[in-house]
Amino acid sequence: MNADRRNWQLSKFPINEKGMMKNTFESMFDLIDKPDSVIGMYNDEIPKLTKPLGYDRENLWWGHMKGAFAFDYTDTGFWVIHSIPKLSYTNLSYVYPKTGYTYGQHFLCVTLEKKYLESLITQFAVARPLFQGAYISSSVKSEFPDLAKLLQNQKVLTVTLSRVIEMQTAKSSFQLNHFSKSSDFGKDLYADFVAPKLKKSLDTETWQHDGSIPSACHRQYSVKNIKSIFIGATGTTIQNAQDHAKWAVTVSSKKPTEDIGNWICLGDINRQPHQFERGGGTMCIKDQKLWQSFYDLVQRVEECSRTDYTFVTTHLFKRLWTLIEIVQFFYA
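Quick note on numbering: UniProt numbering labels position 139 of the sequence shown as 139, and the sequence is numbered without any gaps.
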């Protein structure tokens, strides 16, 4: 789907060949060595052969984030946020990884005016993505020294643990809210940040293989886990365990036709306890047609049969387990 056709369509191209994703990456690669240009590709998955700058296997400082961005001298750019491990590590070519075929994934690309580049820098400073490929011209480096540091995986000081910024897409003027949290945020991105800020309850589709947080309903804005989706265009049911995408839709007690303030969010973070301590975020788009396309996918959600004590004890258990590991280390 795109800004003009905000409904699900099956692409006529294989995902590893022609099409939107390949065209997007190749337009980014075309900016390499051009004046007044910058590109960056980040992915939390570490390559087997080449370790990125700043990599430290004893210190997992980087955010749970996958994406890319590019801006050029025409004063426009784009930001890609996706969920695909090992997608295009190099600056040379678009390569869709074999590992990306096993599970469902998402790929969001928003076109932005260059004035928002500084906003991206602030969000990256909070969440700290692991950049694995980049190019920055001397003029952009001079204007945005903090961006140059981030592309070298150096820390840029920030005074906040979380930040939300408002933007608009360059052509279609969709309203955007991007949420970013640091590794020190220590809470669930969706229940403790996105839902309260949007003042909306959420249904979330996130990866939950390595332990999950139950649906949280005993608060002002509930956050429920989606258990399965149904794609009408292909007649396919996808269970949560088969879907590596990370998205959320707002829900309301009003009828959809009566509530035009709905959002669809696509981003980085899963609803898992260990991700409380990983940087990342989500891009929320306010558009009724786009929201409806995602909302209609939801087939089954995890209803709340327990109190939020489960949510709290899950976090406490993780903290206790970390303490046990530290004690074992010193007494080993």
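Possibly wrong hints are sitting among the right ones.
Cross-link-like lysine to any residue pairs, in silico, SDA-like; alpha carbons within 25 Å at most [unchecked claim]:
| # | residue 1 | residue 2 |
| --- | --- | --- |
| 1 | 86 | 73 |
| 2 | 86 | 196 |
| 3 | 289 | 141 |
| 4 | 98 | 234 |
| 5 | 34 | 5 |
| 6 | 289 | 230 |
| 7 | 286 | 122 |
| 8 | 286 | 9 |
| 9 | 141 | 175 |
| 10 | 86 | 53 |
| 11 | 114 | 60 |
| 12 | 141 | 44 |
| 13 | 86 | 115 |
| 14 | 289 | 3 |
| 15 | 51 | 76 |
| 16 | 141 | 104 |
| 17 | 155 | 135 |
| 18 | 286 | 148 |
Hint data in this document are derived by calculation from the structure and do not stem from the laboratory.
Hint check results:
no.: 1; hint: 86 x 73; in the structure: violated, 29 Å
no.: 2; hint: 86 x 196; in the structure: violated, 33 Å
no.: 3; hint: 289 x 141; in the structure: violated, 39 Å
no.: 4; hint: 98 x 234; in the structure: holds, 22 Å
no.: 5; hint: 34 x 5; in the structure: violated, 32 Å
no.: 6; hint: 289 x 230; in the structure: holds, 18 Å
no.: 7; hint: 286 x 122; in the structure: holds, 22 Å
no.: 8; hint: 286 x 9; in the structure: holds, 21 Å
no.: 9; hint: 141 x 175; in the structure: violated, 29 Å
no.: 10; hint: 86 x 53; in the structure: holds, 16 Å
no.: 11; hint: 114 x 60; in the structure: violated, 31 Å
no.: 12; hint: 141 x 44; in the structure: holds, 24 Å
no.: 13; hint: 86 x 115; in the structure: violated, 30 Å
no.: 14; hint: 289 x 3; in the structure: holds, 10 Å
no.: 15; hint: 51 x 76; in the structure: violated, 31 Å
no.: 16; hint: 141 x 104; in the structure: violated, 37 Å
no.: 17; hint: 155 x 135; in the structure: holds, 18 Å
no.: 18; hint: 286 x 148; in the structure: violated, 31 Å
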